[in-house]
Each structure stands twice: as C-alpha cells, then as structure tokens.
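Chains as they are written, first to last, in my numbering: chain A, 32 to 427; chain B, 871 to 1280.
If you're looking for bench data, these hints aren't it; they were derived computationally from the structure.
Backbone N, C-alpha and C define an ideal beta-carbon position, used for all residues, glycine too.
Be a bit skeptical, because a hint or two may be false.
Each pair of labels, with its calculated beta carbon distance range [said to hold, decoys possible]: (1) B/THR1129 x A/ALA45: 35 to 45 Å; (2) B/ASP1141 x A/PRO57: 35 to 45 Å; (3) B/ILE1134 x A/PHE210: 23 to 33 Å; (4) A/PHE210 x B/VAL1274: 48 to 58 Å; (5) A/HIS216 x B/VAL1274: 51 to 61 Å; (6) B/VAL1205 x A/LEU46: 46 to 56 Å; (7) B/HIS950 x A/MET298: 41 to 51 Å; (8) A/PRO292 x B/VAL1205: 30 to 40 Å; (9) A/ASP266 x B/PHE1057: 30 to 40 Å.
Some residues of chain B that are not near chain A, with every Cβ distance over 10 Å (derived) [to be verified]: (10) GLN953; (11) ASP1054; (12) THR1236.
Residues from chain A that face chain B, not an exhaustive set, calculated with beta carbons under 8 Å [claimed, not checked]: (13) ALA56; (14) LYS285; (15) THR305; (16) GLY308; (17) PRO345; (18) ALA372.
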Amino acid sequence: MHHFRLLPFVLALALIACDHVLPSAPDVDQTLDGPVDGLTQDEMRRFLAGDRAFNDQVFTVATGLGPVFVATSCGGCHAADGKGHPFSAVIRFGQSDTTGNPFASMGGPQLQYRAIPGFTPETLPPGAPHTTLVPPSNPGLGFLEALTDAQILAHADPSDADGDGVSGVPNYVRPRPYFIPMPHHLPVNGRYIGRLGKKAATIDLLQQTVTAYNQDIGITSTFEPIDPYTGLVNDPEVTDRSVADVVFYLQTLKAPTQRTPTDPSVMHGKDVFTAIGCATCHVPSYTTPRASVAALSEKQIFPYTDLLLHDMGPGLDDGYTEGSAQTNEWKTPALWGLGLAPASQGGRYFLLHDGRAHSIHDAIMWHGGEAARSKERYDALPAHDREDLLRFLESL
Amino acid sequence: MKFLLTCFVGSVLAALSLAAQADTSLFKRKHVDTTQQTAMNMDAVYNRPFLQMGTMPVSIGGYLEANYRYEGEQGISTGHSFQMQRLTLFFAAAIDPRIRFLTEIEFEGGGSEIAIEFASVDVTLADLCVLRGGILMNPIGAFNQNHDGPKWEFVDRPVSMTQLLPATWSNVGFGAYGKTFSNDWSFGYEAYLTNGFDESIIDNDLGRTSLVATKEQSSRFFGSSNGHPLLSAKVATRHQRVGEIGLSYMGGVYNQTTTEGVTIDQARRVDVVDVDVNVGIPSLDTRIIGEWAWVFVDVPSTYSQQYGSKQMGGYVDVVQPIYRGALFGFDKAVVNLSVRADYVDWNVGTFNETGDAIGDEMWAITAGVSFRPVAQTVFRINARMGRSTDLLGNPPLRSGGILVGFASYF
C-alpha cells in the first residue's frame, strides 16, 4: 500500500524521462518552416525578424485590425508555413473574364467576411461570381520568385505546338505602382508574368505580402494605403520595415525536403509520374539564376510546377478569374511539401484551390481539361503503380 | 504609482527596522500552518506568517520566490536562466478588534512590475457577515486567493490558473463574506461586486479568447471599462479530516455597450464557473489539490472563430510526503514527492467550415521533489514536459525543462 502511493510520481517521471526532458527537434525533412541553408548572420537576423512579424504579430483593433478582415495575423492563414485550412480560406468575387472586376466598387475582389465587434462584415453582392481559395504553403517561394521569366516561358506552349494536349500560358498581370522590374522580367504591353497565387495573379513577394496585409487583415501600408472598409487612403498600419522583414522571411524560407527519395517504391512512383505525363505541367526541377541572396543563387530546386496557367476543365471552373487567366485556368501548383500538408491542415488533406479534395487521389481525379489525359492514364494504372505514384507524391 | 508604492513600503520597513534595532526580542512571529492542511482557501490572505513588533498595531510579512530554469521546445533550448520570480509583502493592521486592514504588494521581475494585489478593510458585523471593500482577489476557484509560492510544491503556477483564469486576479469592489462551524465542518461564502473585464478578452495580441489579457489593463483600478459590475461569488465547505470543496462563479458584461450615450454594441457576457477540491488521504498521508474551470464568452458570430466562446481547463496536484523528521538540523523537515497534471483548452468547439474539433489546447505533466526544512520554506526541483497544439490541431509542439527554486515566507 505504501509503495502504491509513489506510483503517480514514478509514472510521471518515467513519462518525462521518455521525452528526454528537453524534447529533440523534429527531423528537418518533416517541417516546412526554417531558413534556407547558407544565410549569413545578418541575413539570419532579418529572417528571424520576419519570422516574428509573420507568425507572432497578431493584429488587434488598436493596431489596425479590420474593421473587416479574414485573419488576424499572417501565421493565422499559414500555420507552420504550410498549406492553409478551410477556416482561413479567402473568398474572391466579381471578375469572370479578363476585362476587369465590375464589383470592385462593392468590396471586390476579396470578401472580408469577418468583422471586429460592432461592425458588419461584407457579404457577397447578389450575382457576383466568386471562388474560395485555401491559403497556399510558403516554403521555397523565394526560389520561385528568383526564376527568370525566360525559364517560365520555356515551358509555355500556348497553341499546343507539340500536340500533347497541354498548352500552358503565363498570366500577364498589370503591376502595382510600387513594382520594381528586374532585368530578367519580360513584360508584354506593360504587363508582367505573375507567378504567385492560385491563378498566378501576383508578380512578386512584395505584392503578395502587402496585398495580404491589406485584403486579409485590413492593414494598410505605404504600398497599399487604401483601407478596404472605407475605400479611403489610411495611415500605414504596418511599418515598411516590417513589410521588408516579412518579404525577406518568405524569400528565404527553405524549400521542402523530399522524404525517403531512395525508397524503391518512391523511385518507381516517380517514374510512373513522368510516364503518365504529370511532369509535363508539374515540371520537376530548375536551377535558380544568380540572385542577390547567395543562399538562393544558382541552386537546383525541385518544385514540380511550371508556374503556368492550364485549362483544368469544367469541374474546376468556378466562374471567377484574375489577370489574363480564364475561369477554368489555374496555375500548376508546386508539389513540394505535398506530403506534409496534413501537418499544417489539422491532420487532414484539403487540396486543390478550395480544399475540396481530401486525398491526393481525390485531387488527381478532379483534374480535367489539359490534364484529363494524364488523369485517365492514372485511373487506368495497375494498383501497385498507382500506390507507388501516391507514395512518391507523399514523399515530396 | 511605482514611486509612491516604493515610498510606502520603504517607510514601513524603515520604521519597523528602527524599532527592531532597539530590541529584536520584541518581534513576535505568528506561526501558522501554510501547507494547505487546515484553513479554508478563503482564509488564505490571513493564513500567513506575520511578524509583529511589540505592541505596534501593524504586522508585516511576505515571501520571496527565486528560480533557475532550463527549458526548451522542439529542440531549441533557451539555455540557463535565473529568475527573480516575485517578492511579496503583506501588511496587516487591527484598527479595532472587528476592523482589520490587510494589503499585499507584489514585486515581480526584480521590481519591473509592481502591483497591489490586495488591499482591503474588513468589518466584522457577525461571523456570517463580514464586510470587505478595497482591492479584492475575486474568489474564483481556490488558487486565485491561495497562491503564495511557499504553499506549493511546484516552481510554476498551474497553467490553467494563470493562462486560462488570470490569477492573480484582483479588482476594486465591495462585498461580504462569512463562515460558520459545526463540529468538524466549516462552511464559508463570499460575494463581491467589482470592476470587471474589458474587450481585450477577444481583442488581444495573444490571438485567442483570453481573460488574462484584461489583467494587463491596470486602468481597471481607476474605474470600470464599461459601467457593468462583475459578480464574484463562492461557497465552500470543509471537513477538518477530509478536506475542502468549493464552487465559485464570476460573471458580467465585458464589452463597452455605449459611448457618450450612443449604443455601439450589444452587451456581451463572460461567465466563469469553477470547482476546487483540496483533500487528504490520511491512510496514505497523501494530499490531492485540484481545480477545474469553465469559461463562457459571448463572442460575436461575425468575429473570428479563433476567439473561442468556450474554454476549460484545470490541474491536479498529488503531494506525497516521503519523509518527516529531523534533517540537516531541522527538527520537523519534510520531503515530498509531487506530480501535477495541467490541461487547458482555450477553444472548445468545432470549425464551422469542416466540423473538425478546434485545437488550441495544451497539457503538461510535472514531477517534483520538494524539501521543507520548516513549513514556511520550500526548496523545489521540478521536471516538466508539455504539449501544445495550434488552433487547427496540427502536430503538437513539445516542450520540457528542469526548474529549481525556493520560496519562503519571512
């Protein structure tokens, strides 16, 4: 009996001992957050400052939240820098063709469907075409931003000259006033190739950052000074320094690392992936050009995307578009980090633009349009080939 | 404010010190059992050792807590850290046999934070009717009132009490309390109206519904944020050989509903229910102390679900003396083994979008060894492990650490 009384203490101590008191770090290939290798010490300080602004700064009424908004912080939409959850999905509305957004004066293009107490959130105007977009993951964005326009255009095939049924066009976007072109940019009629966002409607990470502050959180900046609630110019609610830190943070987030790349079934799955045509759009690798941040410069990356728009068929046509994209066109999403999606989506998959697919298989089966042929080949695969292909995708 | 407090404390200490130099034998130490064995939780503010100087009508007391911490999370250690947790001073005075004054002033972080946690005048009309006014510790649960470091076997306070409930939570207000006894049983009640919470409950940089956020607003000592009083009430009963159980409630409107006569929002309530237990198992010489709280907050439906409308959490401490007797020259030393389980769910519910459970919760296990050379002094070594999940319920962050510290009344 007297020994029994020590049981709670012994059990607790055993439990703690199993955890080694100070828990070890998760394996590098199991996480999406963290800096790219090779940052200098001063770059690492900028990364950490951006990390804090991105993940720790929760906006309040006093610091400018809303009054209408979608999220209260950057990290609120991008948990652990991974793919987002339907809870933090954004709804965009108004534009159904390339001529512009007739609902822009009615709160478009983004619906701020939450509001601080005492205020009324926006509602969809009657008849407005709209789409729901689950936030994308962040890792590796700096590498994609660093790619030259020529590298993207090398995979474009607007008229399907090679007859494989896959075209691929860039989304040419009118730049915001603060956009600073890089020497590699190849504009057409004053429009530049977009490469970020589900429709590739965003040119670079500065635009992505200040637009998200503005449209997602209701935070004005010197770059995007119009308050989405009043429609009037407002004082900056986030400093230029914070914006710069967040941009640098996003630029220098490491690229996801493939797990078990030498597993025979994963290697076989990769071969199947190429054989059935997936790699035509999900282009496996690039080498980045020389970049101002040495850690991003001349590196081979494996994002599995061509950053181009493709007709994905009527099943994924939800009647809304951005830039020069059609309503049925979506940018090929990068597949790196795909297998880690459940670790940022609450333990489940929410794939495709609106999170409708709850498994990689489901996501593949939603493919149509230019991807219909590859989907049919996938559907016809023997079971073991299909399993290996899925295992390969989960390893990314 | 800081200056005035420092002057006040300094003056009292200087006066007592000078008197003591005249004749130290005049100091009388009022010994009490501070190890949670006898008195009711509501008596905690008086159930402390006090020093009385001769015939001076003022008694003083206090305690000191200092710690060493070695902690980490997900493989990242914060290194070695020494912490001056808090220095707390008590001053009590009997103005009349039935009128008492008591205050508790806390210095945290080496004096970077100074707070009057308690400052009241109690007027006894009858055992069951003692009027109390001033800065009160709201009687929500047991820990909020009975939180002195030397009474506990753990270096840290329970997470549920400091990050779910805002211990130490005190406010300006008035009310009454009373006790009655029958054989081994005692029964007590408390009921107060005080200033309350404000909108920072759901508008804070923690990104979650947080009663603690209001604690940061010292303006509540100058006046109500919204003109609505907060009701705090508790009933408790104790059997001298078994222990105590308490049931408490705290609630009121937390938001500002009008400004300059104009209605700007509907009234939104915060309600807290708490159960606390403190029992002994005489056959095992084991003590079990626990508390569980439920928090209900009226959050606008158009606001973000990340601010939960329901929260809950609590802790259980099991304290097992393994040695009582002479040790290192102390005649009545005690060595305890102890275990604490902590749990908090800051957002009970499911996502509207998916129907999945909302995360934002934590649990922790702490094992400890404590050495009490005397009842008023405790040396503690704790090993702690914890898990916390984000709002979405993603894989938990793992944390842990070793904490060593002491706490002592003086």
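Status of the hints after comparison with the structure:
One distance hint, 35 to 45 Å for the beta-carbon pair B/THR1129 and A/ALA45, is violated here, with the actual separation near 57 Å. One distance hint, 35 to 45 Å for the beta-carbon pair B/ASP1141 and A/PRO57, holds here, with the actual separation near 39 Å. With their beta carbons about 40 Å apart, B/ILE1134 and A/PHE210 fall outside the hinted range of 23 to 33 Å. Between A/PHE210 and B/VAL1274 the CB atoms are about 56 Å apart, so this pair conforms to the stated range of 48 to 58 Å.
In this structure, A/HIS216 and B/VAL1274 meet the distance hint of 51 to 61 Å, their C-beta atoms being roughly 59 Å apart. Checking the proposed 46 to 56 Å range against B/VAL1205 and A/LEU46 shows it is violated: the Cβ atoms sit about 22 Å from each other. Remark: the range hint 41 to 51 Å for B/HIS950 to A/MET298 is upheld by a beta-carbon distance near 46 Å. Taking 30 to 40 Å as the suggested C-beta distance range, the pair A/PRO292 and B/VAL1205 does not conform, at roughly 54 Å.
A hinted range of 30 to 40 Å for the beta carbons of A/ASP266 and B/PHE1057 is inconsistent with their spacing of about 59 Å. Against the 10 Å criterion, B/GLN953 stays outside the reach of chain A, whose nearest CB is about 18 Å from its own CB. Here B/ASP1054 stays apart from chain A, with its beta-carbon at least about 24 Å from theirs, past the 10 Å limit. The beta carbon of B/THR1236 is not kept farther than 10 Å from every beta carbon of chain A, the shortest such distance being approximately 7 Å.
Annotation: interface hint on A/ALA56 holds; nearest CB of chain B at approximately 2 Å, less than 8 Å. Interface hint status for A/LYS285: violated, as the beta-carbon distance to the closest one in chain B is roughly 16 Å, over 8 Å. The restraint placing A/THR305 at the interface with chain B is violated, with a minimum CB-CB distance near 32 Å, outside the 8 Å limit. For the restraint placing A/GLY308 at the interface with chain B, the shortest Cβ-Cβ distance is roughly 33 Å, beyond the 8 Å limit, so the hint is violated.
The interface hint given for A/PRO345 is violated, since its Cβ lies 25 Å from the closest Cβ of chain B, which is over the 8 Å cut-off. Checking A/ALA372 against chain B: minimum C-beta separation of about 11 Å lies over 8 Å; hint violated.
In the structure shown, a violation is registered for the earlier hints numbered 1, 3, 6, 8, 9, 12, 14, 15, 16, 17 and 18, in ascending order.
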